[in-house]
Structure formats: C-alpha cells, structure tokens
Amino acid sequence: MNDNDLHDSAVLSAVRDSISRLPTPKAPQVEAIKARGRARRLRRAGGLSVVAAGACAALVVGLTGGAPAARPALQASPRSVHHATAVHLVAFTVAAGPDGTTTLTLYPGQVADPSAVRQALAEHGIPALVTAGEFCRTAVQPAPGVGDVVVLSGPGKIQIPANGHPTARPGPIVINGSKIPSGVELSIGYRQDPQENEISFTLIVANAPLTCTSIPDHGPHTGD
Amino acid sequence: MSREKTEFAEFFQASWEPCLRAVVASTGSVQLAEDQVAEAFARAWLSWRKVRSHPAPRAWVVRTALNVGSSWWRRRRRELPLLGHDAEAVSYEVDGLDAALLTALRHLPDRQREVIALRVFLDLDIDTISAQLGIAPGTVRAHLSRGVATLRHELSLTQAMEADR
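Those protein sequence lines, which keep their order, are chains R and U.
For the first sequence, my numbering gives the first residue as 1, with consecutive numbering after it.
For the second sequence, my numbering gives the first residue as 1, with consecutive numbering after it.
The set of hints was computed from the structure by calculation and includes no laboratory data.
In this text, all values refer to a predicted model and were calculated from it rather than measured experimentally.
Each residue gets a CB set at the ideal place from its N, CA and C atoms; glycine is no exception.
Worth double-checking, as some hints may not be accurate.
Heads up, incomplete: computed chain R residues facing chain U, CB under 8 Å, no partners named [unchecked claim]:
{"no.": "1", "residue": "L12"}
{"no.": "2", "residue": "A14"}
{"no.": "3", "residue": "S20"}
{"no.": "4", "residue": "T24"}
{"no.": "5", "residue": "A27"}
{"no.": "6", "residue": "R36"}
{"no.": "7", "residue": "G37"}
{"no.": "8", "residue": "R41"}
{"no.": "9", "residue": "L129"}
Derived BS3-like pairs (lysine-lysine); straight-line CA-CA distance at most 25 Å [as the list claims (entries may be wrong)]:
{"no.": "10", "chain 1": "U", "residue 1": "K50", "chain 2": "U", "residue 2": "K5"}
{"no.": "11", "chain 1": "U", "residue 1": "K50", "chain 2": "R", "residue 2": "K179"}
{"no.": "12", "chain 1": "R", "residue 1": "K26", "chain 2": "R", "residue 2": "K179"}
{"no.": "13", "chain 1": "U", "residue 1": "K5", "chain 2": "R", "residue 2": "K26"}
{"no.": "14", "chain 1": "U", "residue 1": "K5", "chain 2": "R", "residue 2": "K34"}
{"no.": "15", "chain 1": "R", "residue 1": "K179", "chain 2": "R", "residue 2": "K34"}
Construct all of the structure, not just a fragment, from the sequences and the given hints.
So this is what it looks like as structure tokens:
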C-alpha cells in the first residue's frame, strides 16, 4: 500500500479509533470536581497554607482564629462501602464518605490522640502515621501525589472565639484510601493550638526512616 | 447559581470523555491524563462564568489540562529524579495496529500531537485551533499536515506488515 492511499481523514479516523479503544476511567462525581476546585480556591486565597499542592508534596492546612463562620455539614453515607462505623470523638471525627472515601475532621482547640486517629483511619482501611506536634516524612515521597489522596473541603479557616471554645468546625478532609498504594502510608501531622492549628499531609514509604520536625517541611517547591 | 451548577454539571458529563481522550492522545498516559483533566475541570468550575462563554470550552479544558501536566512534570522531574517516572508515564496497554499508531503519535513533536488531539477529539476547525494555541492558521495546517504524514507512513508500514503475515 502506498502512503498516498490513506487520506488525511482516514489517518485521523484511525487515531480516533485507536485512542477510543483504550480503556479510560469513568468520569468522577461532579461534586468531587467542585470540591477540588474549592480546595484550590482556598489554597490560592491563602486560607489554606498549601505550599506545594498537587502531585507530590506535603499538603499543609493552616487553621487560624478569626470571625465566626458557617459550620459545614459533616456527611456520612449510610450506603458507604465501608463496614466500619463512624467514630465520633471529642477532638476529631472519622467517617465514611461518598464513593468509598473517608472523611477526617479535626476540631480546633482540642488535641486529638494520635493513636486514636490512626486506629480510626485504620478501621477505614487507611494506613497512616499520625503525629501531634510534629510532622514526619521519609526521604522519598512515593507516588501518587498527596493531592490525589487528600482533598480539602469546607472553609479554610477554623474559627475559634476568645473563650477558646470553637463555634465552627473545619470542613471534612476527604481521604481516598484506595489511591494509597501498597507499601505507602499517609503521614498526618497536626498541631491544635488554641489560636493557630495546622495540619500537614504527605505520603511516606512504610517502614522507611522518618525525619520529623516541629514545623512542616514544605520542600523546595512553592506551588503551582 | 443553581443554573450555573446545572450548566457546569451538564458540560462536565458531556465533555469528560472527549477531553480525557484528547489529553491521553497528547500525554500518552491514561492515569496522568485523568488527574490532569480532573484538575482542569476543577479550574473550569472556579472560572465557570468565563469558561461557559469561551468559544470552545472543551478546548479550554484540554489546554488547561496540558498546562497542568507541564507544571506537574517539571515538579516531578525535580523532586523524584531517580524513580524513573518518565518511563512509567507511557502506559498504553494495546498491541498491533493500535500500539504502532499510538507509539507514532507519542513520538510526534508536542505541537503536532496537540493539534491532532484538538482536531480529532474536539472536532475543532483550523481557525479555532489557531485561536486556542495562539499560532497562525497556516502554522496549524503545517503541524497537522506533518503530523498526519508521519502517522500515515507508520500506518501504511504496519498495515503492510500485517498483510504479509
């Protein structure tokens, strides 16, 4: 066959057919897309201190005091694929979310027991290293990026009134445990100070040596 | 706001697959394309009032996804230079004619591949592609012509080899 036997349209049709035969994932829920957009807007507005969002960096949420704000609803789907029941403790909540995800909510002004948070997440199939007052990471940040696993939602600022008792809660942090590969854990570090709380997420290699610091290691990047 | 939500939801449902396939054609990786397209739609939602009045909203999404991909790769290359993710990025799991054609597509220069993706999957005409990419219509035609010529050659070779079997 001569090259000229193939018209441009035939070539382009062949390309279309080849790509169309590739299996592709279904579209995610539009609400998940909107939540991703909201998280991005919050990051860019400075409400969330995400230093290197997206593919492969620590995700750091700054939770600071300020004026009262609306309290977001915390949803737990009764039809979730998770069999673990929602855990409601004083300082944090772990609950089954939509589409097999898990939501974690840390409340300001109270200190969540790291081992309790870790246990609650483990019941939802999420391997996690949880630390309070320090932020741990391994020398190598495994794929995928933490932005693929953790999605922020709700307001970026946690409101803490002068009496120290919060009247508003942060939006739930959605964790997609199915996106965490074998041999990888989610490192969650938080500091729940009265006026300025901070949460950091990063992916780490399980059983690898840890470097822990009192402030999140934001890495060399300054975001996208 | 509710109308905007509905419009965006309809746009998203109708556009996810063609946009994803266009980005797959450009990037060579379904997994990467999925994340890039999701990010692009998230940005489209943030700028929906602008995107909804864009002359080619799907092209906006695809261009944004490809730009996200460029940033992602720049960061990834800096952060994990030893893990060989460049090699993992190409993840076609096909064989025969499809594999040959997709490999040839992957090896086209970026611009040629992008023009073909916009033409094939978003069905954009030359002028719209020109506007989207910020290049002259004649340049778009040249990229398309060269890209198609390369693919045609590969397609002919593969078909001839299969005919000889």
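Evaluated hints:
| no. | hint | result |
| --- | --- | --- |
| 1 | L12 | holds (5 Å) |
| 2 | A14 | holds (6 Å) |
| 3 | S20 | holds (7 Å) |
| 4 | T24 | holds (6 Å) |
| 5 | A27 | holds (4 Å) |
| 6 | R36 | holds (4 Å) |
| 7 | G37 | holds (4 Å) |
| 8 | R41 | holds (6 Å) |
| 9 | L129 | violated (20 Å) |
| 10 | U/K50 with U/K5 | holds (14 Å) |
| 11 | U/K50 with R/K179 | violated (32 Å) |
| 12 | R/K26 with R/K179 | holds (15 Å) |
| 13 | U/K5 with R/K26 | holds (20 Å) |
| 14 | U/K5 with R/K34 | holds (10 Å) |
| 15 | R/K179 with R/K34 | holds (19 Å) |
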